[in-house]
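Protein chains in written order, with our numbering: chain H, 1 to 231; chain F, 232 to 563; chain W, 564 to 1106.
Treat the hints loosely; a few may be bogus.
Unchecked claim - Straight-line distance between alpha carbons at most 20 Å, and here's what the computed DMTMM-like set of lysine to aspartate or glutamate pairs gives:
hint	chain 1	residue 1	chain 2	residue 2
1	F	Lys-364	F	Glu-433
2	F	Lys-506	H	Glu-14
3	F	Lys-364	F	Glu-428
4	W	Lys-906	F	Glu-291
5	F	Lys-342	F	Glu-354
6	F	Lys-278	F	Glu-288
7	F	Lys-512	F	Glu-525
8	W	Lys-906	F	Glu-428
9	H	Lys-99	H	Asp-228
10	F	Lys-364	F	Glu-346
11	H	Lys-230	F	Asp-492
12	F	Lys-337	W	Glu-1023
Stated by the list, open to error - Far from chain H, by Cβ distances over 10 Å, these chain F residues were calculated:
hint	residue
13	Val-266
14	Ala-505
15	Pro-513
Unchecked claim - Now the in silico label distances, taken between C-beta atoms and shown as ranges:
hint	chain 1	residue 1	chain 2	residue 2	range
16	F	Cys-461	H	Phe-129	32 to 40 Å
17	F	Gly-438	W	Ala-626	27 to 35 Å
18	W	Trp-1090	H	Leu-118	53 to 61 Å
19	W	Pro-1078	F	Glu-291	29 to 37 Å
20	F	Gln-370	W	Val-1040	53 to 61 Å
I should point out that these hints are in silico values taken from the structure, not numbers from a laboratory.
Please read all numbers here as calculations on a predicted model, not as lab measurements.
Ideal placement from N, C-alpha and C gives every residue a C-beta, glycine not left out.
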Amino acid sequence: MSDSPAIVESHNPEQQHHFADMEQQRQASSLGMWLFLATEVMFFGGMFCAYLIYRYWYYPEFAAGSKTLDIRLGAINTAVLICSSLTVALSVRAAQFGKRKLLVTLLVATILLGLVFLGIKGVEWASKFEEHHVPGYSFHFEPQAPSHPNTKIDPQRIQIFFSLYFAMTGIHALHMVIGVGLFAVLTFYAWKGRYNSAYYTPIENAGLYWHFVDIIWIYLFPLLYLIDRKK
Amino acid sequence: MFDNFPLWPARASTTAGNVDALYIFLVVLSTFMSVAIFVMILAFAAKYRRRPGHAAEQIEGSTILEITWSVIPFGVFVVIFVWGAVIFFQERTPPRGATEIYVVAKQWMWKLEHEEGHREINELHVPVGRDVKMILTSQDVIHSFYVPAFRIKQDVVPGRYTTAWFRPTRPGTYHLFCAEYCGTQHSGMIGQVVVLEPSQYEAWLSGGGTTGSLASTGQALFQQLGCSTCHRSDTQGRGPNLAGTFGKPVLLDDGQTVIEDENYIRESILNPSAKIVSGFKPIMPPFQGIVSEEQLNALVAYIKSLNQNPSGAAGSPTLLPEGTQPQAPKVQ
Amino acid sequence: MATVVNPVAERENYLNQEYGVRSWLLTTDHKRIALLYLASITFFFFVGGLFALLIRLELLTPAGDLVQADTYNKLFTMHGQIMVFFFLVPSIPAVLGNFLVPLMIGARDLAFPRINLLSWYLYIIAGILMMHAVLTGGVDTGWTFYTPFSTAFSNTKVIEAGLAIFVVGFSSILTGLNFVVTIHRMRAPGMTWWRLPLFIWSMYATSIIFLLGTPVLAITLTLVIFERAFHLGIFDPTRGGDPLLFQHLFWFYSHPAVYIMILPSMGIISEIVPCFSRKRIFGYSFVAMASIGIAVLGFLVWAHHMFVAGMSIYAALIFSFLSYLVAVPSAIKVFNWTATLYKGSITFSTPLLYAFGFIGLFTMGGLTGLFLAALGVDVHVTDTYFVIAHFHYIMVGGAVMGYLGGMHFWWPKISGRMYPESLGRLAALIVFIGFNLTFFPQFILGYLGMPRRYWQYPPEFQVLNVLSTAGSTILAVGYLLPMAYFLWSMRYGKHAEPNPWGAAGLEWMTPSPPPTFNFEETPLVTWEAYDYGNIRSSQGGPG
């Protein structure tokens, strides 16, 4: 039996009432984000599966289509995203150390890099529209010098390549847009000083999401841009 | 049996009896298990109903029982699996020498063409006791060729050939249904299979209504469409000599080997650049949109008929040494 | 019972804590969200049920004489889509799961209450899209959306329906995510995995399927929508695409989906049978592991829907074998439930009657699955009424009966009221009889060769069709009864005690209805699940 006064536990204002403590809340949020990313793997996975099957069947068409993609822009975009993952990782660290200004700067940098990515993607898509490589009624494909002199490109099968190109990069871009929006919200709250060493879970989880979208691009780039590019 | 209240359709093919045998076994098994479970539930419910002075006995479980009632059912399942698989193998392996019928399904009718050239719509006449192999394709959406009396069913897919076979054992008229939903008149896409005694069948065949055999129609098309310009029966052609090639392996320019079957011929007509025979240039124009499904069937039948008239080894596609494993074409 | 002023009614609980539309539409309380879902899924059950009745009325006669062929095709399509996606998939998880998961593990709410509310709003948005599609022309592709009919030939609201199903799928993904995190992270002290109620195990297994399977449906429908809207050619053979690729992708989700629809019901049975036998479930760990086993194996068998589609023989062999494998854990459960009755002390309450119905009918439905997995037999019966009978035995004879049993079992907890017991038993009996009369003849019809999705049929099939339609009217009455007396009970039903059945489980250790935060104090669990040896049944029972 102690005669010292009971220690009153002060709640972190960010703790939601149905959780026992901050640690439980943090673990729950983290597990939730990992599970969500698992669903995203399955979502993109269906498309990757369709892509792999058609690439196996229609390799010449896929190679020809891939060659019409701008490999420089794709490489730049890859570098942009990798840099943005760096700024994301650093921003998590900044939040952990409670460095508000640094955190806001890094979050804004991430958003800017994301917008650069989307801008370049827009340029690429525009050029595809101009070249009539968009599947549909105005589709028209002129093969460039093929690597196999014996290969003729089936005009329908190459549409499958471009259909998958637009579907995959389009859905990826949609996820980027959502990511940019997410980070915009986080930037606002970060500027208001909400994140510190005791509570930076949203930064961490949004970071996981951003890294995931980055990894999807790391797969998309070689699969779409680098088919049969031996130089 | 069960004339007034049938539990199964007429048995009119060699497969029907086999399928029914497994079915009846499964019915007996299921009835037994269902009754057993129902009876046990009711018996336990009655015997162990709540009565004063009788408390429930807390039983944790029994690993032995769990294993027993996992292993024994699984053993039974394996038996059923093997039995079903054997029947399936027979169903999916057409015998050699079967009469071939080309079937084109479209919304909402069945078009059937005999080798001899007879064309039928929604009706198929066949003789008792002869193996019949159907080569099916669709002009539009997925359909399914279903004859309950024969216990056969095969989906008919646009863009490729599928096959099915049967040997009728009883004369009679049997339902033909489309069994894959295909739009407004799906339930109207029905017809009949008429199985005739051989003599009646011959009479029906000679009843006219043919414009020549399917293969001869194909031969005419082969000339008309200019195929014979490049696919000559000697070594001078710009395309491979097609005589005697059906069913044999073909070496392609990328090193792959495929078997020349109906799907290969079809693909090579519609999209020739997909598979180029080794030693030839990819100069054949595609015929997608130029030939109809019926014309494709005729051309396929013609090329198959060239096996009866081989024109010599020179200029034939490269044949491989015995024992080479061929790679099957795109078939799921 | 003499009418008394019941002090329980005046106690604050989640229902009376706050009044007003806003307090419901902006709630984050899992119990209120469960009731929001209850209202929504009941609405869709009636819409889907109405379509079913129209189908059965048309099939009274061989000729197509009630509606036009196109209309009939829309009826069976929308019946399937609504029943599968807007009723069966969400019903138990979103109503009973939402209500019970936190209570059963001793938590105050789910891990993400606001995401829970978002789930419901996504369901509503999807429902509005779906109803709009239904009312402005309908969909006629069959619930299976096979290509190229759905992408290039159908003239109906395919895109809208596809979008609706995409959104409702996302709703279910979020529910599954919530459940998995909650079960992992928010169990009360002492509530170890092996002390969890089996309903929680089944919710967990179901949620795994939600998370891993539904996204594949989402991307498949997305591709179908893109194909229709932007004239791509991924599934169109005239443009290099492959119709069978669609089927593989579609069934990769839709087979596990059927386990989404049955696992929760199985979980309910595992709660009801021990309670009304007054003993622990037989083989607890085997039943728990069987749930996980079904979820995992369920992902490996999808192409048994495609045996005649044009697949290779060898693929067919593999999928047939795996389909037999997945039957084993279900069989284990049936045996364990039956064994639980042995040497019990059994009360014939309404929930137990539904449980008996479930066990018997699920057994029959499951056994007919063996027919379908047998390759040689499947060639004859696939795409016929045999398949329809098979899955209705499991979905209706199984899942819906389990759902009704669960609703009766937990109604006192949810509403604080008792339903009238004798009416409950009567309705259960009517449902059982009506159900069997509706669907048993369809097994025979299927083997005789009647294909599915047929607006008109040859006259020799009429007798069995008439029997089936007669049964469906009886079934309809059986469903209307509980609707009526549940509503009645909310005003006139006897007030319920915290534990009217004397059941085991944390949800029974809090008042009926529970307070908003579920428990006055976080429970500390020191006993095993189904501790019926130590619970006095004198606390109550249906009487």
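query: Which of the numbered hints are not met once you compare them with the structure shown?
result: 2, 7, 8, 9, 11, 12, 14, 15, 20
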